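Q: Take a look at the letters that make up each chain.
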Amino acid sequence: MAGGAREVLTLQLGHFAGFVGAHWWNQQDAALGRATDSKEPPGELCPDVLYRTGRTLHGQETYTPRLILMDLKGSLSSLKEEGGLYRDKQLDAAIAWQGKLTTHKEELYPKNPYLQDFLSAEGVLSSDGVWRVKSIPNGKGSSPLPTATTPKPLIPTEASIRVWSDFLRVHLHPRSICMIQKYNHDGEAGRLEAFGQGESVLKEPKYQEELEDRLHFYVEECDYLQGFQILCDLHDGFSGEAQRNIYRLLNTAFGLVHLTAHSSLVCPLSLGGSLGLRPEPPVSFPYLHYDATLPFHCSAILATALDTVTVPYRLCSSPVSMVHLADMLSFCGKKVVTAGAIIPFPLAPGQSLPDSLMQFGGATPWTPLSACGEPSGTRCFAQSVVLRGIDRACHTSQLTPGTPPPSALHACTTGEEILAQYLQQQQPGVMSSSHLLLTPCRVAPPYPHLFSSCSPPGMVLDGSPKGAAVESIPVFGALCSSSSLHQTLEALARDLTKLDLRRWASFMDAGVEHDDVAELLQELQSLAQCYQGGDSLVD
Amino acid sequence: MAAIKAVNSKAEVARARAALAVNICAARGLQDVLRTNLGPKGTMKMLVSGAGDIKLTKDGNVLLDEMGLHPRIIAEGFEAAKIKALEVLEEVKVTKEMKRKILLDVARTSLQTKVHAELADVLTEVVVDSVLAVRRPGYPIDLFMVEIMEMKHKLGTDTKEVNSGFFYKTAEEKEKLVKAERKFIEDRVQKIIDLKDKVCAQSNKGFVVINQKGIDPFSLDSLAKHGIVALRRAKRRNMERLSLACGGMAVNSFEDLTVDCLGHAGLVYEYTLGEEKFTFIEECVNPCSVTLLVKGPNKHTLTQVKDAIRDGLRAIKNAIEDGCMVPGAGAIEVAMAEALVTYKNSIKGRARLGVQAFADALLIIPKVLAQNAGYDPQETLVKVQAEHVESKQLVGVDLNTGEPMVAADAGVWDNYCVKKQLLHSCTVIATNILLVDEIMRAGMSSLK
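Same order as they appear, the protein sequences are chains A and B. So in the numbering used here, the last one in the first sequence is 539, and the numbering has no gaps at all. So in the numbering used here, the last one in the second sequence is 1448, and the numbering has no gaps at all.
Treat the hints as calculated values from the structure; they're not laboratory data. All values reported here derive from a predicted model rather than from experimental measurement. Some hints could be false.
[Unchecked claim] Here are the simulated EDC-like cross-link-like pairs (lysine to aspartate or glutamate), alpha carbons at most 20 Å apart as the crow flies:
| no. | chain 1 | residue 1 | chain 2 | residue 2 |
| --- | --- | --- | --- | --- |
| 1 | B | K1235 | A | E204 |
| 2 | B | K1152 | A | E204 |
| 3 | B | K1152 | A | E210 |
| 4 | B | K1198 | B | D1216 |
| 5 | B | K1198 | B | E1118 |
| 6 | B | K1295 | A | D223 |
| 7 | A | K100 | B | E1255 |
| 8 | B | K1295 | A | E82 |
| 9 | B | K1299 | A | E82 |
| 10 | B | K1277 | A | D223 |
| 11 | B | K1213 | A | E212 |
| 12 | B | K1152 | B | E1275 |
| 13 | B | K1213 | A | D291 |
Looking at chain A on its own, in the form it has when it is part of the complex (with noise of 0.2 Å):
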């Protein structure tokens, strides 16, 4: 339906989701700071589909994500839960009560000097207590463009980076973050490890208004709400010794099968190997190099795959629409997806885009990014494809006339025919989706260092001096409704029937009962049944 923007509210849910979350909006947040850049072009992205327009009580014009994230207490670190845009230190100060009053306070975190230098070239804490933005240049969007004047901003070191508000250079709005007091984020006791620990929170009164009130707050003023994107720890942190191990399995198979059922649409992003017990190593990627070992590191990545897949719904013209999106790929029940990304997508200077496709032959070019296994020898039954940031002269190849076209790709007359010509070469007779975009993914700092070093020899990402740091990259990213989700939750199924629950009574304790896990084993068998009959057909 035509109108305004289809906005979409945006919930992040754990710590890891909060790394996601915090390179994510820097992504969109660099991505706004550009607009008025004319060597752009022309927005083919919807802010609005992600931000809010607000306004603070002193009348300051705001513009946040339509954000609301849930963490655990101590994850903070000197980030203020109602953040810094909407306050005011002289109204702060007023408390209820006449009588006797003893301060208890925690040890000051030590202030992140990233932190307070995008806070200070931000805005002001002026002499009445309320911080102030500084003047904002084209109405829209929160971090003014640097100017000459403007000191270079501060790039985090990444020994430094411990928590995701550490390297977060976005406002956020004050309802925006929502603390779990129960559980601590670090620390030896008081952790919140097993599934039913977290759902018996979120059935608790005081968080189930909490998180009411701030879903009414955001929800009420959309006027075509699309839908909701959701990034949910499926478990804490990565795989360290067996216990750990056995709760990630427990964690991954409760955490998935609950969000099957309550959701459109489901997938699974990791930079693991396998979802399943036996641990694998990670994956890799052909022209970047990063620290597995890294949540900063691999969250980034995941960010960029996810600022690729999630394309369709934020379109400015002919976006499809998140439910459509959905059903696309989830028809017959099948609502998990596998997500798998080309980042960077390479393109070697003098090369078009059909050249670059037919280099990768006839294997599925990306990095599988769902811990589902690889996908080549597996079979889609649907698939989502987004490629963005190549410039649109290499859309098509540059034959002279006359010339024979080394392959059908060459022969296409537009990008969009061409993407959608290669998908159907290998994989004949899927339903496909793609878009094709010329702008780019975003990755200036804050965002780790992972690209120069392993460039191919010539390639230059965009423009910039080799050796400097990358401002943005071409990305090809894809959702895949495939079978190898067959064999994984098959595998993941056969894992937990392995496991003798009785000796993991403390992950049952904490709200799960046996029937529970029965109930869950059939949930996984029938939804890897949805995804059968893809390997042993003979296409």
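Chain B: place on chain A using the hints.
A: Just chain B now, with coordinates in the frame of chain A:
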């Protein structure tokens, strides 16, 4: 573990904290005894057994062995004490018809602990009237029918903007709408407009539509043109409360929209504060539901006041549903302790010590009340206990003077059900801690 879990879910937290407190107390107690052993000028301990046998020692180990008691026997003492204490509770509870006056006292007792006195006085009436308003005969009191809304508000910057009816962000948006797509929704909107014309013709009545789902800008605009205020994305609970407050009922389909499902209110208006819009529905026919609007300058004040209100509401609900209350100010603890000291003599053996310990524990309440008010705890307690024995009335601590006072006369009341529950749960927790053989760490990390 099971015994603790049976008490209530909060026992997990209570158990962990209580375990720590008990360990600290026990350590402190032992320290007191052993501390004086140290050095040649230290105190010698003479231990006299029940049979009259004497032992002199300063040896820490010997002292621990001789003075130590078997936990199970103490636990038996606790159990016996608890039963006796509950009996006393039954005797001293005051059954009354829960009229407004007495409920005000109950509310005030609860609120004065949470917010300053002036504010407590204001909240007292509000809280009692709210519960009385939402009470429906034959149903348990549903406190969710009392909604608490907050406004973060700097006094003096009152802005009273009225909704001007502008629903599009840009003119372009308006033009983008294609008439053909609108037909379905237009028909439904028309049904509402027709109903309004039917009901409000020849009068200056207004018409309000409240939808649990969304309403798009075009519909909002059409409705506004016909003088209809439309609200979208209402909470389900508010839909229920509105039906109660205004009469009328929510319908699920446009086919069911008839005059009979309409409710009535005297006044509806909107108020904008910064980014938030508040819609006020006042002068309702049947206020079986109540909204309390809390205005405060910042989040922590709002939270503090809201929490106080919730506690006050619960105190009143408890009082009404119990049909009785007990005098506060530490009065019943004094009475129970006294009864236990008498009762102790009928207990044989070392379990008697458990009863004494229980009585001592109860007395912590009046002592700490006095101490916090700045009075000497022991002196005050002695005075209160003497007054209780003499007057045979339930006497607690007057926090303004440090003197004994008859709690009921002063209007200081506690909930019966809360005291009863506490006696049960504290006994169970203390017993479990005593009987734990090994140190257990709270929470899941015990498996690391």
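Q: If a hint holds in the structure, say so; if it does not, say that too.
A: Right, here's what the structure says about each hint:
no.	hint	verdict
1	B:K1235 / A:E204	holds, 18 Å
2	B:K1152 / A:E204	violated, 25 Å
3	B:K1152 / A:E210	holds, 16 Å
4	B:K1198 / B:D1216	violated, 24 Å
5	B:K1198 / B:E1118	violated, 50 Å
6	B:K1295 / A:D223	violated, 29 Å
7	A:K100 / B:E1255	violated, 61 Å
8	B:K1295 / A:E82	holds, 18 Å
9	B:K1299 / A:E82	holds, 9 Å
10	B:K1277 / A:D223	holds, 15 Å
11	B:K1213 / A:E212	holds, 14 Å
12	B:K1152 / B:E1275	holds, 11 Å
13	B:K1213 / A:D291	violated, 46 Å
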